[in-house]
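Chains H and V supply the protein sequences, listed in that same order. Following this note's numbering, the numbering of the first sequence begins with 1 at its first residue and continues without gaps. Following this note's numbering, the numbering of the second sequence begins with 1 at its first residue and continues without gaps.
Don't read these hints as lab results, they were simulated from the structure. Hints may be right or wrong, so weigh each one.
[As the list claims (entries may be wrong)] Listing some non-contacts, in silico: residues in chain V with all C-beta distances to chain H over 12 Å:
1. Leu-4
2. Gly-12
3. Pro-33
4. Phe-40
5. Ile-55
6. Pro-69
7. His-82
8. Glu-92
9. Ile-120
[As the list claims (entries may be wrong)] One-sided excerpt, in silico: chain H residues whose CB lies under 7 Å from chain V:
10. Lys-78
11. Leu-476
12. Ser-526
Quick reminder that beta carbons are idealized off the backbone N, C-alpha and C, glycines included.
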Amino acid sequence: MDDLLADFVAETREMLEASEGEIIAWEADPADRARLDNIFRFVHTVKGNCGFFDFPRLAGLSHAAEDALADCRAGRRKPDSALVSAVLAIIDRIAAMIDAVEAGEDFPEGGDEALIAALAEEPEIEIDARGEGPVAGTAAEATLAGDEAGAEKGDARSSNAAPNPALRSIRLPVELLDRVMSGVSDMVLARNDLAHRLRQAGNQPTIDGPFERLTTILSDVRDAITRMRMQRIETLFSSLPRLVRDLSAELGKQVMIDLEGGDVELDREMIEVVRDPLTHIIRNAIDHGVEPPSDRLARGKREIALLSIAARQSGNTISIVVSDDGRGLDEERIAAKAVATGLISEAERREMGRDKILQLIFEPGFSTAETVTGVSGRGVGLDVVRQNLERVGGSIKVSSQPGVGTLFTLQIPLTLSIIAGLTVGTGDQRFAIPQSYVEEIVHSSAKALDYTCMGETSLITFRGQRVPCLLLSDVLGLDCGDVAEGDHTMVMLRLASGDLFALAVDRIHSHGDLVVKPLAPAVMKSGFYAGSTLLDDGQPVLLLDVTNIAGMYDLVSDARTRVLKTGMDDLDRASGDVMRAMLFTDFAGRRSGLRLELVKRIETAPASAIDRSAGRARAVIDGVILPLVSLPEGPLASEKVRLLRLSDGACELLHAVAEVDDAVELTEPLKPVADDPLVEAVTLVAGQTVTLIDGHELFARHGEPPEPAARPLARLPDSEWARTILAPLVTSAGYAIAEPNVADDKVALTIMFEDVYEVAAALDRPVAGSVIRLSDQPDGGDRETIYRYDRTALVDALQHARGRSGSASRNRKANA
Amino acid sequence: MNDLFVMTQIAGRRCALHAHDVSSVIEIGAVTPVPRTPAFIAGITAMRSQALTVIDCRLALGFDAREWPTDHRAAVVAVSGHSYALRVDAIEDITTGSAEAGQVPGGFGPEWSRVATGMIETAIGPALLLDLAALIAGPAVSPEVFGAAA
Chain H
1 MDDLLADFVA ETREMLEASE GEIIAWEADP ADRARLDNIF RFVHTVKGNC GFFDFPRLAG
61 LSHAAEDALA DCRAGRRKPD SALVSAVLAI IDRIAAMIDA VEAGEDFPEG GDEALIAALA
121 EEPEIEIDAR GEGPVAGTAA EATLAGDEAG AEKGDARSSN AAPNPALRSI RLPVELLDRV
181 MSGVSDMVLA RNDLAHRLRQ AGNQPTIDGP FERLTTILSD VRDAITRMRM QRIETLFSSL
241 PRLVRDLSAE LGKQVMIDLE GGDVELDREM IEVVRDPLTH IIRNAIDHGV EPPSDRLARG
301 KREIALLSIA ARQSGNTISI VVSDDGRGLD EERIAAKAVA TGLISEAERR EMGRDKILQL
361 IFEPGFSTAE TVTGVSGRGV GLDVVRQNLE RVGGSIKVSS QPGVGTLFTL QIPLTLSIIA
421 GLTVGTGDQR FAIPQSYVEE IVHSSAKALD YTCMGETSLI TFRGQRVPCL LLSDVLGLDC
481 GDVAEGDHTM VMLRLASGDL FALAVDRIHS HGDLVVKPLA PAVMKSGFYA GSTLLDDGQP
541 VLLLDVTNIA GMYDLVSDAR TRVLKTGMDD LDRASGDVMR AMLFTDFAGR RSGLRLELVK
601 RIETAPASAI DRSAGRARAV IDGVILPLVS LPEGPLASEK VRLLRLSDGA CELLHAVAEV
661 DDAVELTEPL KPVADDPLVE AVTLVAGQTV TLIDGHELFA RHGEPPEPAA RPLARLPDSE
721 WARTILAPLV TSAGYAIAEP NVADDKVALT IMFEDVYEVA AALDRPVAGS VIRLSDQPDG
781 GDRETIYRYD RTALVDALQH ARGRSGSASR NRKANA
Chain V
1 MNDLFVMTQI AGRRCALHAH DVSSVIEIGA VTPVPRTPAF IAGITAMRSQ ALTVIDCRLA
61 LGFDAREWPT DHRAAVVAVS GHSYALRVDA IEDITTGSAE AGQVPGGFGP EWSRVATGMI
121 ETAIGPALLL DLAALIAGPA VSPEVFGAAA
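Put together the whole structure using the sequences plus the hints.
Quick look at the structure:
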């Protein structure tokens, strides 16, 4: 019985939410039969259900509302706003009673008669509607009455309103979903463990296949489970028409609401997070944004204001745009208020653009409303809205046209529980950082980053900007680990407020999707962590609360510095134009320079890595073949060559130099050189001339995407013949011979004898890469096999396979 | 004598936990320490795909954990939706006892009074019944609590 009751409560709630929107729509267009039918159906269902559960008062209320609506349906009565208000009041009462039922409390006596009386248009209807006595009889009677009513109306309904084609759905306890979700997470961990053990055990084709399948299925299931946590944003939207109606009625304004994108799906937790901020913005818009009808008419606007709310999904974020066509934000008033409250100074105000000034409304302690109304002036400002959104990694901004309207844009992440994250290590411990904060990862020496300590604060220079730097081991009070000071990896973190800081960690481990679980309150209280997550190996890892940590070190700027900073940014940009160049001496003894942005690394390569046979010089660096320029003519004097590895982002090339000098700033003017296209300009550094090489021309002539030197692997039959006679042919065709224990997925080509192939095919055993089948007979006649001494055919087949695997790997690269 | 209790030794004393509060007893694997939290939070550990907060009960009471042996097993309890693994001297047994907790004249001492619901009689003798929420809250003022590092 308890389950039945819970279902009744849940079902009624669901219908309540759905019908609210319907009533408002119906009031706007009383002739709309479909709406009327929907509302009627709701009260009718409630009436029937209450009788079943013996809730006489609920039954009485719904019965009265049903009667009034039935009159409208039959055309005996015209729906007016008084009736709509009365029906709404009854629906509200029903909602309150349902709450009481769920809590197991008794609802206070009385008040029902007044509500029912409000429905009445004429006294006799009121008397009719007071059907409380008889309905409140026994449960059986009431059910009977409900059934009868259902039977009576049944025919009429089927004739004039086709029932809505409802989506097939079931109701599940959230707890069950969570259990399934954590079960799937367990499965993923078990799979990872198994994968680990399989790798240790070596290659086992009979197990690998099914295991791959398991992996695919598991990731599908995981996706589906994640989707289960999603809810349409409609559930949030459905309560808004009512809110807007009540507010506008209260404030004597007329507002029409337009909802769009209700089918956008959002994590159900996130929906709860957004509910309050959205409500607040709507209150604000109606209270402050929308003018009274008379003002609107005077300005030549429509009497009824339009409030439109639209949700959109783009990638991993949802944006909700709330716009009204009210009076817009008053830049002058906002600025004056901000100056008056000391948020900004008069001088700063003059520097600020309109857009900047408008964003001030989100600053703490800001509220422009001259009269605090009961609706939006509740001491909770837009600063709280912004705070709440930022807490979940979202943001809010406003734009406005005076007299035309205001537009709020809320950006929120799709889900709270699965985020992209970066795992970093300090000492022997790992921590996770939400990817959304990570601006860039810088591996560099202390010297290059200009690591300095100012008092207790460390600073690094990043793109010409001094950025505060925190050592993660210091922040967490851990031992420094084995990484020397200055050899740390810098994770550049950008806060939602726009502030940038560097977090120095010992190493970066991995990045990927993290399933974030909440932490115990005692741990959360420390303020350093936002949650925990499990790595693939089942090890728990703490997720750092970046915003809070930055706050502890006062790295989050308040409005004042935020405003100041924008001014400084412009200065930085101006001074950031200083050109830096890498100076070197080439083999002709010329002092030359290359723009520093082009230089990726300085390499030292042995002379043996350089190949000049094919017309253009090339060198192998880190297993990659790169074009090499400006080598001296003739044999190399030394055994080793210094090379500047240049990159334009896509292509790379090597520039041989006799000697590397230093990186310098180019302060003197550049004098363009006309006659040599390879020279961009000549300039002075420390009183000596330097030839600046034209990077554009250099890459245009020589740049190539790096080509992996690794040759594709070919697996040969395991026989003496293959090793001694076949192998050289395969090698000269550009392959490397695979060792017997190489994993299948690395092998690009398998050469096997026809009889072996047939056995494999019969057993359905997969063959790695493309296949060349060899036959022992010269006159095999079978086109798919090649006689093992038919050199021409073999070479052709090898070339052919090479081309295929080559293009395949290029495609992969393009996809990646 | 009809309620079930998990009997443990904490800081050398016999303590009882209500069996319906204890969801399982697990072998504690690797514990990841949580820097900048009070010392009684030993760290987090993984139980299947769940992260458990490991609480050292001796430290949570305000005693020194080094004076007693530590069981390699821990009792897993759930308090207001979060799961904790309780690290104790030893997990002894599951036994029946009376649900009526009584007080003793003179109290249990300052550390114990905060977390003890009272004394109960069990099949293996008297034991102190613990209030989990109070235990997990840790010592009222812990000298090891770190504030902001700034």
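Structure-based check of all given hints:
For Leu-4/V, the shortest C-beta to C-beta distance to chain H comes to about 24 Å, beyond the 12 Å cut-off, and the non-interface label holds. The claim that Gly-12/V lies off the interface holds: its Cβ sits roughly 24 Å from the closest Cβ of chain H, which is beyond the 12 Å cut-off. Non-interface status of Pro-33/V relative to chain H is broken: a Cβ of that chain comes within 12 Å, the nearest being about 7 Å off. Against the 12 Å criterion, Phe-40/V falls within the reach of chain H, whose nearest CB is about 8 Å from its own CB.
For Ile-55/V, the non-interface assignment is contradicted: its Cβ lies about 8 Å from the closest Cβ of chain H, within the 12 Å cut-off. Once the 12 Å rule is applied to beta carbons, Pro-69/V is consistent with being away from chain H; the minimum gap is 25 Å. Annotated as non-interface, His-82/V brings its C-beta within 12 Å of a C-beta of chain H; the closest such distance is 4 Å. Chain H leaves Glu-92/V outside its interface by the beta-carbon criterion, the shortest separation being 26 Å against a cut-off of 12 Å.
Non-interface call for Ile-120/V relative to chain H: holds, since the shortest CB-CB distance, roughly 27 Å, exceeds 12 Å. Taking 7 Å as the C-beta cut-off, the interface hint given for Lys-78/H is violated, the closest approach to chain V being about 53 Å. Of the supplied interface hints, the one on Leu-476/H holds, with its beta-carbon coming within about 4 Å of a beta-carbon of chain V, less than 7 Å. Residue-level restraint check for Ser-526/H holds (minimum Cβ-Cβ distance to chain V is 5 Å; threshold 7 Å).
Hint check: violations occur at hints 3, 4, 5, 7 and 10; the rest are consistent with the structure.
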